[in-house]
Amino acid sequence: MRTRQAWGLWAEELLAQTALEAEEHVGAGAAEEVREELQIPGLARRVGAGAVWSGILMLAAVALAVAVAVADPLGEETPAAPDDEAPEAAAEVPDAATGEPDSELTGTQEKPYSTLTPVDRSDNQVNTHQQPDSSFLYDTSLEDLAGADDYFEGQTVQIVGEVIGDSITEGFDRDHVWVTLASTTPGRHETVMVYMTAGQASIIDTWGAYGRTGTILQVRGVYHLACAEHQGLSDIHVDNVNRVEPGSRHPDVFAWRDFMPGAVGVLIAGILLLAFHVFRQRLH
Amino acid sequence: MWHRFTFSDVRTICHYLGVLILFSTLIYVLPFITALVLREWEPAARYLSAIAICLVIGSLLRFMRVRPARLNRQQALVVTGLAWIILAWFASIPLFGSGHYATYLDALFDGVSGLTTTGATAIVDLDHLSNADNMFRFMMHLLGGLGLVVVALALGLFGKSGGTTMYASEGRSEHVIPNVVETARFIFRIAIGFIIVAAVILSIINSVKGMVPVRAVLHGFWVSISGFITGGFAPMSDSITYYHSTVVEIILMVLMIMGAINFALHLEAWKGRVEPFFKDFETRTMIIWVLAMLVVLTASLSSSGQFTDLPALLRRGLFMVVSAFTTTGFQNITGNQLATVFSSGALLTLGIIMAVGGGGGSTAGGIKFSRIGLILKSVVATVKQTLAPDSARTVVTYNHLGRQNLNEGAVKEAMTVFMLFVVTYLAGALVGIAYGYPAPEAFFQSIAMTSNGGLSVLVGPGMPVGLELFYMLQMWAGRLEFVTLLALIVQIVVSFVPRGLRKAVAARAAAADDGSRGLDEGDAL
Chain H
494 MRTRQAWGLW AEELLAQTAL EAEEHVGAGA AEEVREELQI PGLARRVGAG AVWSGILMLA
554 AVALAVAVAV ADPLGEETPA APDDEAPEAA AEVPDAATGE PDSELTGTQE KPYSTLTPVD
614 RSDNQVNTHQ QPDSSFLYDT SLEDLAGADD YFEGQTVQIV GEVIGDSITE GFDRDHVWVT
674 LASTTPGRHE TVMVYMTAGQ ASIIDTWGAY GRTGTILQVR GVYHLACAEH QGLSDIHVDN
734 VNRVEPGSRH PDVFAWRDFM PGAVGVLIAG ILLLAFHVFR QRLH
Chain S
237 MWHRFTFSDV RTICHYLGVL ILFSTLIYVL PFITALVLRE WEPAARYLSA IAICLVIGSL
297 LRFMRVRPAR LNRQQALVVT GLAWIILAWF ASIPLFGSGH YATYLDALFD GVSGLTTTGA
357 TAIVDLDHLS NADNMFRFMM HLLGGLGLVV VALALGLFGK SGGTTMYASE GRSEHVIPNV
417 VETARFIFRI AIGFIIVAAV ILSIINSVKG MVPVRAVLHG FWVSISGFIT GGFAPMSDSI
477 TYYHSTVVEI ILMVLMIMGA INFALHLEAW KGRVEPFFKD FETRTMIIWV LAMLVVLTAS
537 LSSSGQFTDL PALLRRGLFM VVSAFTTTGF QNITGNQLAT VFSSGALLTL GIIMAVGGGG
597 GSTAGGIKFS RIGLILKSVV ATVKQTLAPD SARTVVTYNH LGRQNLNEGA VKEAMTVFML
657 FVVTYLAGAL VGIAYGYPAP EAFFQSIAMT SNGGLSVLVG PGMPVGLELF YMLQMWAGRL
717 EFVTLLALIV QIVVSFVPRG LRKAVAARAA AADDGSRGLD EGDAL
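The listed protein sequences derive, respectively, from chains H and S. Just so we're on the same page, this note's numbering is the position in the first sequence counted from 1, plus 493. Just so we're on the same page, this note's numbering is the position in the second sequence counted from 1, plus 236.
None of these hints come from the bench; they were simulated from the model. Predicted model only: the values in this text are computed from it and were never measured. The beta-carbon is built from N, C-alpha and C at its ideal position, and this holds for glycine as well. Just so you know, not all the hints are guaranteed correct.
What the hints assert, rightly or not - If you want a taste of the chain H side facing chain S, the calculated C-beta under 7 Å gives, among others: (1) Ser660; (2) Glu663; (3) Trp671; (4) Gly692; (5) Ala694; (6) Ser727; (7) Phe772; (8) Arg773.
For reference, chain H alone in the conformation it holds in the complex (with noise of 0.2 Å):
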């Protein structure tokens, strides 16, 4: 690896190079000009610095990616196995008939965890059994919401969103959170934004992002357009929360042919940019 100096040398002879160039096709001011305003000698120790720490720094990337390869820089949250979840998440249900819990939702589980539809989990808190009444909305769908008129402002509102981004906080107040709903209608990305509060928020596992897919929540509660409370955000106060899915994860795998076509053209790059440079030369 050449050290520092000699990069420096090779910088200075390249800007020499230069220079002589816009003598030839300028002339001799010309050139003077550009020595002045290139200041070959504090660049040539620039660019030969420069290349220096560019490598190190490369290297010291690499290093860090080994270094963090047990670490988990973004915090995230593995989904906990159904055997460990706390018993308020597991709340009863009541029945939509006569108020008492369901007993076919708690009942303790047999099958894998993978293999239950969504009614037999038991972690599940959504009765799926629940039929519309005058107090609400029909079930309505997140990609309506985001495309909503005034038509559902104030209007008590029920949907069904996965958990993506991070939990934010509304100025000082700890008790509540924002959190973003994303569509889960294959083909569909609108979104919307839910405020509850933090107790509330407390279930949810994982935050969808790159890798990984969120907690997903039915919520119910009031939309509004633009909310007052909130110097007129678009938004939902929500009364209640429900996990129908948790989130999961699915990170890349490491593979080193995937990395084989961008390493030999970078080697090839090399090869050209080394011929280009010694092919000059021989013109001189």
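Take the given structure of chain H and dock chain S to it, following the hints.
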């Protein structure tokens, strides 16, 4: 009259395009490092491939002319004009590979939008985009906003031989410092300084508000770049609404305004001379214009009945006005609110604000305050001349980086660019209407594209192909402020017109001149 390009010119142009492509490889390096650090292996491999493609093609192009001659004006115009679209094509390769674009054209659209700092996007599912891809989107803004040529000049890539002509051909009219290279370096340092300071502050605020530290830092860095460069890309699909913070919005407004101010005025403030900053006619025009349009917009919004109180009107209205006049494109309202809560009057008000744009010699787009000011001064001069006696000589002065007399050349340039902008706004609107979109939205979107404003009501995945191509042309033309693009088109046409046809046209023109001269002589007799 028109210089026809020879093969030697083409080789020189290819060489310098190769240099720019090689240089632009830098914008792929930080996304590559980001992907490695955050273990996003697929994006890492993709950006390594993109680096390789740029390096190989850039190196091969340099071979077209191993010892390039000095860049003349026409060559510099072509290099600058083509650089944007060629670099956008390279940028679209990793973007399309991310799988977040419905078609390749959408990825190319985002490449053009990123480099021209428009900020409109056709991306699908932005909220699940990798951090590496998001980093790349903002690197495009940084490169495009500072100007490919400015950054190249700052690093001394072109020396002096082609620097001045390329600087001017990029639509930059003012030399902040007499030396072009030093001007470029100053702009670069100012931009990086503002971005770093804002990034630190925003990262702290994001962390306090509950974001995971890595995301807080990344988002702070990204929106700082987008804000100062007046780009408009945001890391999340909800734009600035995502952060739910008045403080963040205030910081971003300050950042956007700083980016939209003439860099020459930054230099004055840097030297401790604040008075020229406030005396400058661009600053005064900006203050009066923003206040007036804020009143108009808030009045229009209050009539919609949705924004019921003054805090809501001021918070949403002021931010949108600042975002529009700086041609950034940030939103603190949802896209749905822009289409439903904003009346057509409010929408067109925002459109007019974008159409005028920000200060000359800044990162903002649009017609620019300086040109509007010159045109208005020209009107004053005309009225003065009309009212003054025949023997009187009227002089109109204005204060822009010193006391200056209004001259015909400056007014002519301002009027030309003004007319080109207006014609392009209208043409884009007609294309949108032809595709079946409502007229107010079509006008609004056309203005947003040409002024590189970026606020979107029509742009998204699934746009008609013809409309998307026209919008790309508008973004490209707006970034180059038309003259360079028109010169490029003329140069290419002239170079490819068959020699026989050119001779015939020249002969006919000469015959027409002779004929008219003969008539004049006959009249004289």
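Status of each hint after checking the structure:
1. For serine 660/H, the shortest C-beta to C-beta distance to chain S is roughly 5 Å, which falls under 7 Å, so the interface hint holds.
2. For glutamate 663/H, the shortest C-beta to C-beta distance to chain S is roughly 6 Å, which falls under 7 Å, so the interface hint holds.
3. A cut of 7 Å between beta carbons decides the hint on tryptophan 671/H: the least distance to chain S is about 5 Å, and the hint holds.
4. Among the interface hints, the one on glycine 692/H is violated; its C-beta lies about 15 Å from the nearest C-beta in chain S, farther than the 7 Å criterion.
5. Annotation: alanine 694/H was flagged as interfacial toward chain S, and the flag is violated, the nearest CB pair being 10 Å apart, outside 7 Å.
6. For the restraint placing serine 727/H at the interface with chain S, the shortest Cβ-Cβ distance is roughly 5 Å, inside the 7 Å limit, so the hint holds.
7. Because the smallest distance between the Cβ of phenylalanine 772/H and any Cβ of chain S comes to about 6 Å, under 7 Å, the interface hint for this residue holds.
8. For arginine 773/H, the shortest C-beta to C-beta distance to chain S is roughly 5 Å, which falls under 7 Å, so the interface hint holds.
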